[in-house]
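K.L.:
Please build the complete structure, drawing on both the sequences and the hints.
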Amino acid sequence: MSDALPAEAPDVEAQVPAAEPSAALFGTFAGVYRPVFLTVLGALLYLREGWLVGNAGLGGAILIILAAYTITGTTALSVSSIATNLRLKAGGAFAIIAGALGLEAGGAIGVPLYIAQTISSVMYLYAFSEGYGFLFPTHDPRLVTAVAFLIVGGTVLRSAALASRAQAVMFGVVIVALLSAFGGWATATPQLPSLVGRFAEASPLTCFALFFPAATGIMVGAGMSGSLENPRESVPRGTMLAWGTTLVIYLLGAVWYATVVPRQELLTNNLAMVDHALFGPLVLFGLLSSTLMAALSSLVAAPRLLQAMAEHQVVPRSDLLQKLTPAGEPRNAILATLALAAVGLLAGSLDAIAPIITSFFIMTYLAVNVVVFLEQSLGLVSWRPTFPIRTAIPLVGTIACVLGLVLSSPAGGLPEVMFVVGIFVYLARRKRVDTPWETVQSGMAQSVAAWAALKASQMRRSPRTWKPDLLVPVREPEEARAMAHLARAIVEFRGSVKFVALTEDHALAESLDAIVAELRADEKFASWHLMPEEVPGQGARLSLSAMQGTFFAPNLLLLSDRTDPEVLQSICDHARAHRVGVVLAFDDRENPVGSPSSAAAWISDRAPDWELSLRVANLDLPVLLTYLLTWKRHGSIHLATVLRDPASRPDAQRFLSDLVELGRIPRATTHVLEGGLTENLAAIQGPEVHIFGLPEHLDLQRLAEIRRIAGVTTLFVQDSGQESALS
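Quick note on numbering that gives the first Met the number 0: the sequence shown kicks off at 0 and runs consecutively.
Think of the hints as simulated: they come from the structure by calculation, not from any bench. These numbers were taken from a predicted model, which means no experiment stands behind them. For every residue, glycine included, the Cβ atom is placed at its ideal position computed from N, Cα and C. Hints may contain errors.
[Said to hold, decoys possible] Cβ-Cβ distance ranges computed for the label pairs, FRET-style:
hint	residue 1	residue 2	range
1	Gly-421	Pro-136	41 to 49 Å
2	Pro-645	Val-172	22 to 30 Å
3	Gly-378	Leu-149	49 to 57 Å
4	Thr-188	Pro-387	15 to 23 Å
5	Glu-610	Val-146	46 to 54 Å
6	Ile-708	Asn-229	21 to 29 Å
7	Thr-188	Glu-228	31 to 39 Å
8	Arg-666	Pro-280	50 to 58 Å
9	Val-254	Arg-197	14 to 22 Å
10	Thr-385	Gln-684	25 to 33 Å
11	Arg-666	Leu-194	16 to 24 Å
12	Ala-427	Leu-251	42 to 50 Å
P.N.:
Shown next, in the form of structure tokens:
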């Protein structure tokens, strides 16, 4: 905006935190795809999938693989979606759950996930010792496992960058090993596969519990979120690509085992893939490499999860565990993780570890799917992921996780649930755990049945749960109809409209009855009441004050330019005092605005401080209104600013680009202009609505002149301080 319309109410709160320093920032392939790929293909492909096919048959094995991948696949989609709606920080699943439901819920799930990730490294080390025993059967497997643990632990202690370089080498080895294994089709005597096995050695549920850890590891990439260059882009791309790739490999592996290896050998020879490969030593080398790399990936991700929880005082000894080295490594968290893994080595075998990991991982996946399902179901304006998924996906994931937990756990999942509930209760009672950000809990309370209305009305409304709840004072039928068009467009996505009739007029009452009925028929929350005023402006002020304690209390006052200037000034001052936003509409009387296909928000020149924050005066509401108005028609959004000093152009351009990125504003175009506001209004072609900040002291002649030059509906808005375009 030009200096003719300065942004008022200059309180700027809650600066967007700068990116945390990191020893190494990884891209999609090195930071997500490769560690997930190596973790998922770490052991059971070589050592247990053949036994699974021999016991369950090809058809049974494929069903078990698909069941496991249904759980991890829906979870991967949920993680991918929510990761594009958050500024995802370190902690992966913990950051996701804590961001939505608070630190208590995040810790209740993060602690079991941390244990599962740490103990899964032990499973991979046992798998390594099994493969090693094929080469050197006389060597003590306990000593082999201990030496492997020391090698992996030492690598993790050095740095995540060193672990990444080791993964780069081993990734190539694993690919060659897989090619050699599947090359066994060329030299093998074809076997007639058994579609349904006899389950002679284990039941289908036991098979699922033993195999499910093969499909886990899907959260390793999200767990590296604090060390990624662009988590919002890398997590969904890398996770989904790794999930799809490994699913294809496991299905091909099942067919390979069924058509290459005799059934009896599948039940007795855990290393059948080595014996029947095109070149067995390569497969064995791939097995040893992949198991070590899977253990390494788990031991890189787990300490970062622990350190993220410690930063928020979620775990004991948080002051010690949250510390980072000058290179950005969580050294203390790594040492604690290695100590826990050393205790896990006492379990004794791969088969003893696998069922424990299954239960803890499923609990984590269940929580992630529930969080995404809740976020989608609440329909909040703040839910704008750039990787959207259907609501059915997290719902299916939730149901699949519940079934998987109940059926695979010896006690129906009760011990695991009690463990999670116990952690939640413990954290809820601790005074040190205080969630420092807004969650969707208030939005959840406002969306439940009528019995929750009192509770929701007592909660402080947060930017994450903001939606437009309009109060629209009108005096005549024509004004009511014009404001109804604009009100409908604003609440098209979600919100409510309350009209206030300021005169006892039969025609006005009939018009409002028809307008409210039409809005309700379109499933909009709408109502109207009569508030005749003896003093101009009294009706709007009294209605605004009286409704502050109601459910869906108005947070946005929609006014018409037909109002007397002095009355408008008094109403705007009253709204500002009650922290209620204002939209002053200079509408096109012949063509009232509906749902425009294009809208432009004009942002004031902020030089020299072009600092983006969670709340910026007279920025949040204009940006949110452009999104709401264009939502129905997927219209284009223009963000424009007019500079007084051309030297500030780079800062202004960066500010607008960051606003589009962090605000997840779709179909947005930015414009950095120079000169005066009025001469630049024509520089942007196509907007059906222009939105400006509303100055504290109104000059209706100046505003009307801007409307005349713009030639279309023009809105002048005043933030309430309750909304945030970046939430």
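K.L.:
Each hint needs a verdict: does it hold in this structure or not?
P.N.:
Hints and how they fare:
{"no.": "1", "hint": "Gly-421 / Pro-136: 41 to 49 Å", "verdict": "holds (44 Å)"}
{"no.": "2", "hint": "Pro-645 / Val-172: 22 to 30 Å", "verdict": "violated (56 Å)"}
{"no.": "3", "hint": "Gly-378 / Leu-149: 49 to 57 Å", "verdict": "holds (52 Å)"}
{"no.": "4", "hint": "Thr-188 / Pro-387: 15 to 23 Å", "verdict": "violated (50 Å)"}
{"no.": "5", "hint": "Glu-610 / Val-146: 46 to 54 Å", "verdict": "holds (53 Å)"}
{"no.": "6", "hint": "Ile-708 / Asn-229: 21 to 29 Å", "verdict": "violated (41 Å)"}
{"no.": "7", "hint": "Thr-188 / Glu-228: 31 to 39 Å", "verdict": "violated (50 Å)"}
{"no.": "8", "hint": "Arg-666 / Pro-280: 50 to 58 Å", "verdict": "holds (55 Å)"}
{"no.": "9", "hint": "Val-254 / Arg-197: 14 to 22 Å", "verdict": "holds (19 Å)"}
{"no.": "10", "hint": "Thr-385 / Gln-684: 25 to 33 Å", "verdict": "holds (26 Å)"}
{"no.": "11", "hint": "Arg-666 / Leu-194: 16 to 24 Å", "verdict": "violated (50 Å)"}
{"no.": "12", "hint": "Ala-427 / Leu-251: 42 to 50 Å", "verdict": "holds (47 Å)"}
Violated hints, in rising order: 2, 4, 6, 7, 11; the structure is consistent with all others.
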